[in-house]
Amino acid sequence: MTELAVETTGLCRRFGELEAVRNVNLRVEAGQFFGFLGPNGAGKSTTIKMLTGMLEPTAGQIRILGLDLANDPIGVKSQIGVVPEGLALFDRLTGPEYLTFAGRMYGLDRVTAAERAQELLDFTGLADRTKSLIVDYSHGMKKKLAMAAAVIHGPKVLFLDEPFEGVDAIAAGTLKAMLNRMIARGATIFLTSHVLEIVERLCSHVAIIDRGELVAQGSIDDLRSGVAARQDDGQKLSLEQIFLKIVGGERAAVPELSWLE
Amino acid sequence: MISAPGKSTQLFLVGWLRWRLFVNGLRTATGKLNLAVHIIMGAGIGLGIVGLGVLLGLGSWYAIRYGKPPLLSGELWLVFLVWLLFPLVISGFGAEADPVSLLRFPLRYSTFVFLAFAHGVFDPVAAACLYWLAAMLLGISVASLRALSWAIPAFAVLALLNLLLNRAIYAWLSRWMAQRRTREILGAAGILLAISGQFISPLANRYGQRALPWVTRLASGVRVLPPGMAAATITFGCAGTAGKAGAEFAGLLAYCGGVGWLLAIRLRAEYRGENLSETRRPSAEARAPVRAGWNVTGVSPTVAALFEKDLRYLFRNTMAYLTLLTPALIILALSVGRRGSPHPKITGFMLGSSTYFPMGVAYVLLTVVGLAYNSLAYDGPGLAMLFAAPVRFRDVMAAKNLLHSMVLAAEVIIVFVLVQFVGGPTPLVVVGLTLAGALWALLMNLTAGNLVSLYYPRKLKFGQMRRQRASGMAVVATLGVQVLVGGLGAGLYLVSRWAGNMAWCGIGFLGLAGITWVAYRRVLNLVTGTAWKRREALLAELSRPD
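In order, the protein sequence lines correspond to chains R and U.
In terms of this note's numbering, the first sequence is residues 1 to 261.
In terms of this note's numbering, the second sequence is residues 1 to 546.
It should be emphasised that the hints constitute simulated quantities derived from the structure, not laboratory data.
Please note: incorrect hints may appear among the correct ones.
Subject to a maximum C-alpha distance of 27 Å in a straight line, what follows is the list of computed DSSO-like cross-link-like pairs (lysine-lysine) [stated by the list, open to error]:
(1) R:Lys156 with U:Lys533
(2) U:Lys32 with U:Lys461
(3) U:Lys461 with R:Lys131
(4) R:Lys142 with R:Lys176
(5) R:Lys142 with R:Lys156
(6) R:Lys142 with R:Lys131
(7) U:Lys533 with U:Lys461
(8) U:Lys533 with U:Lys459
(9) R:Lys176 with R:Lys236
(10) U:Lys244 with U:Lys68
(11) R:Lys142 with U:Lys459
(12) U:Lys459 with R:Lys131
(13) U:Lys461 with R:Lys142
(14) R:Lys156 with R:Lys176
(15) U:Lys459 with U:Lys32
Using the sequences and the hints, build the whole thing.
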């Protein structure tokens with residue numbers, strides 16, 4: 001049986017009256033490059049926050065690599081890397097200081113943390129900005145640094161919330177190269193993104209959440225064949241078309257604006 | 001094609017926008033509470049403003065009636081300085097909101113300039129100053145109608161000048177403070193200026209006589225500044241020397257023109273879309289190898305890494321470390337006064353030199369423990385990383401406590417050295433009692449501070465003073481613990497003194513420190529679970545964007 005990297009059972013999260021995530025049952029196998037998609041406000045960030053221990057579920061269970069997150073948060077966190085929505089950077093440190101700090105937080109010894117930090121700085125092209133504080137970095141540099149900090153301890157599962165948002169093509173290329181290396185060495189990657197072309201190119205499997213509910217889950221080919229079967233036109237659909245068909249983006253006709261002719 | 005709306009429509013819309021922001025701000029309980037506090041405080045301050053207006057009116061009447069020009073000049077200086085400095089003190093050393101944010105709309109230049117002025121005219125301080133000038137005019141009109149005919153234009157131009165100067169200062173400060181580093185430097189300069197105020201009295205005691213001729217020369221120079229010129233216009237006018245009065249008035253107008261020109265440069269640049277981005281120009285940096293983190297003896301590698309991070313943060317936060325340096329600087333100021341004074345005085349009380357060290361330590365303690373009650377304040381978005389990493393929050397708080405304890409220890413040593421210099425050797429028994437008491441007080445504050453930091457956190461910004469306060473509950477808790485420690489400590493001291501055996505006091509302090517140590521350890525063990533349960537609230541408050 002294939003090992004599950006991420007598994008949720010009946011995952012729910014309420015914010016007062018609003019049920020942001022409702023009965024989500026996710027299954028991500030180890031080694032998969034998994035894209036978690038959904039329209040704005042669908043519950044993607046809420047789910048990823050719960051999966052990484054930043055937010056307590058109202059109900060349900062989360063198991064990462066077979067470990068129960070609620071019972072063994074430290075055990076789970078040792079195995080995962082996270083690039084959350086706000087990047088979680090200590091912006092008054094320099095890049096090298098932050099990376100060595102992150103390495104030591106994940107249990108690396110001082111020397112190993114420094115060696116890996118050096119390698120990561122070289123890989124991400126940040127090695128010539130070793131004196132600048134992170135607060136003075138550009139957005140793309142911050143993203144690369146956050147990604148470097150998330151992988152410094154060699155996590156088995158990597159969670160990324162919108163890793164390509166606001167990143168130029170060069171920085172995106174570096175990030176993609178880093179992610180592909182992670183996959184090549186057997187890690188599992190779980191990412192949310194609005195850039196469906198990138199997800200289609202990188203991910204083997206996706207799940208789609210809409211209004212807090214999981215509406216589709218599987219390999220992109222499975223989803224494509226499922227949707228195509230329903231459409232019965234035989235044409236190979238892009239992930240964007242699959243996404244729009246599943247979340248109903250095509251159902252509502254785009255209304256005309258009377259003053260735009 | 002649609003044309004831009006008229007000036008009156010734009011002004012109406014901006015007024016509506018401000019009103020909606022105000023009304024929507026009242027939706028939360030905090031917003032309503034803030035309004036209530038402002039009304040209550042406003043009523044109290046309003047009474048003071050009215051009272052001062054009456055005094056200024058009487059003063060101007062007296063100055064004109066009995067020929068006392070310096071009094072009139074002094075009153076005008078008061079209004080001038082309050083108008084200029086008070087808004088700066090209130091807003092602190094942060095970037096100021098202005099109509100620049102509206103420039104993405106087709107805003108006319110005249111509307112933009114008008115809004116920049118409206119910001120100044122509808123300011124409560126400006127309103128109070130205008131009222132004071134009106135009260136002074138009333139006083140002058142009762143004393144002499146001829147003086148009034150000169151006072152009206154002089155006061156009008158002075159008011160206009162104040163308005164222009166106020167706006168010009170804001171516009172130029174906004175220009176400088178748009179850069180983070182400049183903001184921090186100006187903030188630090190502000191703190192140093194405030195601290196240097198402590199040196200005035202001791203320096204005056206010591207060097208007052210020698211400095212007197214310089215002060216007199218400086219005061220005569222002040223005469224050619226706007227308030228002095230406005231007073232001179234009225235005085236000369238009243239004396240019937242219209243030529244001299246006219247010359248003074250022309251000087252005032254020249255000031256207005258100069259300041260207006262400086263303001264126009266800024267407003268024109270802002271209107272043209274000057275970019276005041278925080279982003280620094282990328283500069284070439286030499287590649288440097290990554291150094292391994294610190295190894296702190298006696299603590300786990302995680303605590304060592306956290307300690308290193310917190311110490312780096314402290315030294316990069318100009319405001320925080322200058323605040324921590326304040327006690328030592330003030331003791332230094334007192335030492336200057338003490339060496340120039342024949343009596344051993346501290347803050348006006350006659351005290352023996354043996355009390356210098358306990359007093360200095362108490363002062364240092366109050367400053368340092370303030371950090372412990374909001375110890376996550378500067379972590380910002382990085383806090384999420386601490387929750388994502390396999391770290392026990394116990395270690396996070398232990399590292400912060402270690403840092404605060406070491407800062408306190410360093411400051412106690414500085415105070416000890418300074419006190420030996422000021423008052424001679426401190427008796428050993430006083431040193432021992434003080435250190436025992438400080439140990440107990442530190443543990444009490446760290447214990448309470450760890451809980452308050454998790455339950456009532458408040459995000460603070462680097463390098464800013466404006467609105468950088470801990471939460472109300474943190475302030476109450478800080479005060480409560482100081483009252484408890486002070487009360488118990490004083491009780492123990494008095495009982496020991498009454499019994500004639502000060503050893504009891506020392507043993508009592510150490511006993512209390514021992515009990516508090518047990519409580520501290522228990523609280524520290526609870527911290528991981530508490531932080532995990534409260535992670536959502538902590539991240540919401542401390543990781544929110546600026």
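Proposed proximity, Lys131 of chain R with Lys459 of chain U (alpha carbon, max 27 Å) = holds (26 Å)
Within a Cα-Cα threshold of 27 Å, do Lys156 of chain R and Lys533 of chain U meet the stated pairing?
-> holds (26 Å)
Restraint status (C-alpha distance of Lys459 of chain U to Lys32 of chain U at most 27 Å) | Given that 27 Å is the threshold and the Cα spacing comes to 21 Å, the pair holds.
Could you grab the alpha-carbon distance between Lys142 of chain R and Lys131 of chain R and see if it respects the 27 Å cut-off?
-> holds (14 Å)
Are the Cα positions of Lys142 of chain R and Lys156 of chain R separated by 27 Å at most?
-> Judged against 27 Å, a Cα distance of about 23 Å means the pair holds.
Straight-line alpha-carbon gap Lys533 of chain U to Lys461 of chain U, limit 27 Å = Holds - the C-alpha atoms of Lys461 of chain U and Lys533 of chain U are around 25 Å apart, at most 27 Å.
Between Lys32 of chain U and Lys461 of chain U, is the straight-line Cα distance small enough, at 27 Å or below?
-> The given pair, whose Cα atoms are some 24 Å apart, holds under the 27 Å limit.
Is it true that the CA of Lys461 of chain U sits at most 27 Å from the CA of Lys131 of chain R?
-> Roughly 22 Å separates the two Cα atoms, so the pair holds.
Between Lys156 of chain R and Lys176 of chain R, is the straight-line Cα distance small enough, at 27 Å or below?
-> holds (17 Å)
Straight-line Cα separation of Lys142 of chain R and Lys176 of chain R no greater than 27 Å?
-> holds (15 Å)
Sort out whether Lys459 of chain U lies within 27 Å of Lys142 of chain R, counting only the CA atoms.
-> Holds. Lys142 of chain R to Lys459 of chain U sits at ~21 Å (cutoff 27 Å).
Does Lys236 of chain R lie within 27 Å of Lys176 of chain R when you go C-alpha to C-alpha?
-> holds (25 Å)
Violated hints for the displayed structure: none, as all numbered hints are satisfied.
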